[in-house]
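Chains R and H are the protein sequences, given in the same order. By my numbering, the letter at position 50 of the first sequence is numbered 50, and the numbering carries on one by one without gaps. By my numbering, the letter at position 55 of the second sequence is numbered 55, and the numbering carries on one by one without gaps.
Some hints here could point you the wrong way.
Heads up, the list lumps identical chains together, so a pair's fine if it works in one copy or across two of them.
Within a straight-line C-alpha distance of at most 27 Å, the following computed DSS-like cross-link-like pairs (lysine-lysine) qualify [to be verified]:
id: 1; residue 1: Lys412; residue 2: Lys355
id: 2; residue 1: Lys51; residue 2: Lys138
id: 3; residue 1: Lys355; residue 2: Lys126
id: 4; residue 1: Lys385; residue 2: Lys126
Note that these hints are calculated values from the structure, not bench results.
2 protein chains.
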Amino acid sequence: MRLSRYFLPVLKETPSDATIASHRLMLRAGMIRQQSAGIYSWLPLGYRVLKNIERIVHEEQQRAGHIPMLMPTLQSADLWRESGRYDDYGEEMLRITDRQGRDMLYGPTNEEMITDVFRSHVGSYKDLPMTLYQIQWKFRDEVRPRFGVMRGREFLMKDGYTFDLTVEDGLHSYNRHLVSYLRTYERMGLQAIPMRADSGPIGGDDTHEFLVLAETGESEVFYDSAVTDIKLGQRDIAYDDVDQCRAVMEEFTSRYARTDETHDADLFAQVPEDRRRVARGIEVGQIFFFGTKYSESMGALVVNDKGERVPVQMGSHGIGVSRLLGALIEANHDEKGIIWPEGVTPFPVGIVNLKQGDAEADAACDALYKSFSALGLEPLYDDRKERAGGKFATMDLIGLPWRITVGPRGLKNGVVEVTSRRSGESEEMTPELAVETIAKRYATL
Amino acid sequence: MRLSRYFLPVLKETPSDATIASHRLMLRAGMIRQQSAGIYSWLPLGYRVLKNIERIVHEEQQRAGHIPMLMPTLQSADLWRESGRYDDYGEEMLRITDRQGRDMLYGPTNEEMITDVFRSHVGSYKDLPMTLYQIQWKFRDEVRPRFGVMRGREFLMKDGYTFDLTVEDGLHSYNRHLVSYLRTYERMGLQAIPMRADSGPIGGDDTHEFLVLAETGESEVFYDSAVTDIKLGQRDIAYDDVDQCRAVMEEFTSRYARTDETHDADLFAQVPEDRRRVARGIEVGQIFFFGTKYSESMGALVVNDKGERVPVQMGSHGIGVSRLLGALIEANHDEKGIIWPEGVTPFPVGIVNLKQGDAEADAACDALYKSFSALGLEPLYDDRKERAGGKFATMDLIGLPWRITVGPRGLKNGVVEVTSRRSGESEEMTPELAVETIAKRYATL
Numbered sequence: 001m002r003l004s005r006y007f008l009p010v011l012k013e014t015p016s017d018a019t020i021a022s023h024r025l026m027l028r029a030g031m032i033r034q035q036s037a038g039i040y041s042w043l044p045l046g047y048r049v050l051k052n053i054e055r056i057v058h059e060e061q062q063r064a065g066h067i068p069m070l071m072p073t074l075q076s077a078d079l080w081r082e083s084g085r086y087d088d089y090g091e092e093m094l095r096i097t098d099r100q101g102r103d104m105l106y107g108p109t110n111e112e113m114i115t116d117v118f119r120s121h122v123g124s125y126k127d128l129p130m131t132l133y134q135i136q137w138k139f140r141d142e143v144r145p146r147f148g149v150m151r152g153r154e155f156l157m158k159d160g161y162t163f164d165l166t167v168e169d170g171l172h173s174y175n176r177h178l179v180s181y182l183r184t185y186e187r188m189g190l191q192a193i194p195m196r197a198d199s200g201p202i203g204g205d206d207t208h209e210f211l212v213l214a215e216t217g218e219s220e221v222f223y224d225s226a227v228t229d230i231k232l233g234q235r236d237i238a239y240d241d242v243d244q245c246r247a248v249m250e251e252f253t254s255r256y257a258r259t260d261e262t263h264d265a266d267l268f269a270q271v272p273e274d275r276r277r278v279a280r281g282i283e284v285g286q287i288f289f290f291g292t293k294y295s296e297s298m299g300a301l302v303v304n305d306k307g308e309r310v311p312v313q314m315g316s317h318g319i320g321v322s323r324l325l326g327a328l329i330e331a332n333h334d335e336k337g338i339i340w341p342e343g344v345t346p347f348p349v350g351i352v353n354l355k356q357g358d359a360e361a362d363a364a365c366d367a368l369y370k371s372f373s374a375l376g377l378e379p380l381y382d383d384r385k386e387r388a389g390g391k392f393a394t395m396d397l398i399g400l401p402w403r404i405t406v407g408p409r410g411l412k413n414g415v416v417e418v419t420s421r422r423s424g425e426s427e428e429m430t431p432e433l434a435v436e437t438i439a440k441r442y443a444t445l
Numbered sequence: 001m002r003l004s005r006y007f008l009p010v011l012k013e014t015p016s017d018a019t020i021a022s023h024r025l026m027l028r029a030g031m032i033r034q035q036s037a038g039i040y041s042w043l044p045l046g047y048r049v050l051k052n053i054e055r056i057v058h059e060e061q062q063r064a065g066h067i068p069m070l071m072p073t074l075q076s077a078d079l080w081r082e083s084g085r086y087d088d089y090g091e092e093m094l095r096i097t098d099r100q101g102r103d104m105l106y107g108p109t110n111e112e113m114i115t116d117v118f119r120s121h122v123g124s125y126k127d128l129p130m131t132l133y134q135i136q137w138k139f140r141d142e143v144r145p146r147f148g149v150m151r152g153r154e155f156l157m158k159d160g161y162t163f164d165l166t167v168e169d170g171l172h173s174y175n176r177h178l179v180s181y182l183r184t185y186e187r188m189g190l191q192a193i194p195m196r197a198d199s200g201p202i203g204g205d206d207t208h209e210f211l212v213l214a215e216t217g218e219s220e221v222f223y224d225s226a227v228t229d230i231k232l233g234q235r236d237i238a239y240d241d242v243d244q245c246r247a248v249m250e251e252f253t254s255r256y257a258r259t260d261e262t263h264d265a266d267l268f269a270q271v272p273e274d275r276r277r278v279a280r281g282i283e284v285g286q287i288f289f290f291g292t293k294y295s296e297s298m299g300a301l302v303v304n305d306k307g308e309r310v311p312v313q314m315g316s317h318g319i320g321v322s323r324l325l326g327a328l329i330e331a332n333h334d335e336k337g338i339i340w341p342e343g344v345t346p347f348p349v350g351i352v353n354l355k356q357g358d359a360e361a362d363a364a365c366d367a368l369y370k371s372f373s374a375l376g377l378e379p380l381y382d383d384r385k386e387r388a389g390g391k392f393a394t395m396d397l398i399g400l401p402w403r404i405t406v407g408p409r410g411l412k413n414g415v416v417e418v419t420s421r422r423s424g425e426s427e428e429m430t431p432e433l434a435v436e437t438i439a440k441r442y443a444t445l
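One chain only, chain R, in its complex shape:
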């Protein structure tokens, strides 16, 4: 993308109403625009990151065998009356009356609707196990929306629902989700720690939240520092393997790690003192196994192998897709701007032309642009007639992992400059080697 043809409205001044880094930087980098309290437009740069996160979530969900579908944003209130949650949910549910006077609502979550889909179409244990998921916009009418997309009202979420015949199978689905979530976050360059949590209005006894450690997190967290040493890494996961998924779940959850909602001071005291940590965390996902809570009240029954009709065992599993942008920036920024991990960056590399209009510099930039594009790595090319200082500041602000600086002086010696946004280190090399070096970084993602 040539910047002269793009829409990247970066702001010079820091918006006064943004109190945390990610909110400030998303506004300054021209990623979002607030349209109403807690409701945002995703400007082109923000949209690109949102799509990258969505893509990673889709890929990891499907790798785990989960089936994508899509439910509407608006739901009938009647469904929620069946489960008893219509009255329970409180003012966070946006209630709507349509022109025919029907009670509708903007879905804050979809347990009722997916249970309705299931009970209408599935009747036999032979169709189980089954996991359906979607990535769809949701609405929660927060009384104090704040922190930008971290606590917005209209937000994008992946929500998945598992259907199993037995509790044992349901717990495998739970473990499988835990493992697939670990992989999902790691691919984005995030460490998200599963912590025992409270189930809230979703229900059920088994639930873990995934938290990213950050000073600006909304939850206080208590953990054994040993949990931060565990990584999933490149290990091979067979998602149908019950024992392997359980072993990974146990490995990641056996150390003490809890949010303030479930914190137990006595248990925490048993953690060796030098490993006890109290910090803050941002919730980026949560998994639940709640058994028959919805299937009983809504009549989602299947015939088992003995011919008996039994309520299906269910769980639900969420990833905060839009909120992840905030969490990623909270965990990856400095005083100059954002530092995107390579897995989610809006553009893999930025090209800065120090002398736009100079035939040789322009030609070298065009050649780099073509080489990267041919490799499927579309650069953001700053082809504006601006001072170098302004171009560098913009690149630092929007946080592309790699920058190539092209100028007449370097070209005389046959070199361009490659700069890492994270380390700040620069190195001169031929354009060919620059392409090769940067392409290598993306080859394994």
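Take the given structure of chain R and dock chain H to it, following the hints.
Just chain H now, with coordinates in the frame of chain R:
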């Protein structure tokens, strides 16, 4: 995808409330489920087609130089009061009050919001031309939702907005959209004819609707049959080339083709009698150039090269993404079911195993599955223990363009059977040739 692990709830009986073929077939093929009047869940098979259509729209928009972004579904009523449309829009607009008592609405279109984005961030002619677009859910509270996704209430639409300094530039943006839309529909295997239309609540003098001819269309259309002979085909389009885009526009719009809203009997009478056609059409897109209608009322001004502040010239351009599924099926089905064009089919090929459990047949199917998958063509493999007749009926109903039938008898002779859904013709060949033959059909898409 193995059918035994998929969620494809096909219906045996024909739903009684579905009066047109596409609605009936989408329900029977397990593509959608109605959740409320005019509001649907997209079950896995329907979701796959929806995503294919979305992908083609994205690719063609970006090929034309348009920039993707995303606006929220809910909007503030205040924006619509600025343009004067809040009171004008009538009962089709779903009006919502949030917990703070603010007037909101579920966006039926986005001229106001995009104008707000533009005026907040763009001030100079140097940033023009600019085209921003999104694919996002919208809501129109139709008094009589019907025909399934063809006239639903919650629907997915691509809406794009052009910003230009002069009327002349604005008309080029209009022509560019017309050309890119032609290519978009052709890639889906659809002929959509641009017809002079009425601008309705959007406004402006220049507007064309794109109509797919179908008996079940909601609009009466009048046209010179010569328009159906024109195809864009594989010609090379330079979207920045003003003359070329205008020439294509003129080629496609110089013959008489109008909806009942703009029909002119005297002009129509001048068409040679043997080429006069009266038929019905399904609207699948519309383009508008309305100049300064919104930029004046909402103060979206830019400084021109003389230093004067002038209202920006705007247009808007829509494609009915979810409705296209209905239009595609209306144009492509027979008494057995859907016949997907190869550009949008949910799976490129279906594999039917005539003797599930037979070691040789299973191995041959697995090998075919692997070969197609390695080429990026994921098959739908019917690996259930069902009668052949039931398997064939399902494949015919869901309409995959190609079916490979694998059975012990054929395998003894080293062959499988390849069947075209459209022609119904079958041919025996080796599995290797079957893969090669079908892969070729998708290579040029």
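Report task. Since the copies are identical, ignore which copy is meant and state whether Lys51 and Lys138 lie within 27 Å (CA to CA) inside a copy, between copies, both or neither. Result -> both (17 Å within a copy, 19 Å between copies)
Query raised in the report: Is it within, between, both, or neither for Lys412 and Lys355, if the alpha carbons may be no more than 27 Å apart?
Result: Only inside one copy: Lys412 and Lys355 sit 13 Å apart there, 70 Å across copies, limit 27 Å.
Query raised in the report: Can you tell me if Lys385 and Lys126 fall within 27 Å by alpha carbon in one copy, between copies, both or neither?
Result: between (65 Å within a copy, 12 Å between copies)
Report task. If the cutoff is 27 Å on CA atoms, where do Lys355 and Lys126 land: within, between, both or neither? Let me know, please. Result -> between (67 Å within a copy, 19 Å between copies)
Violated hints: none; the structure is consistent with every hint.
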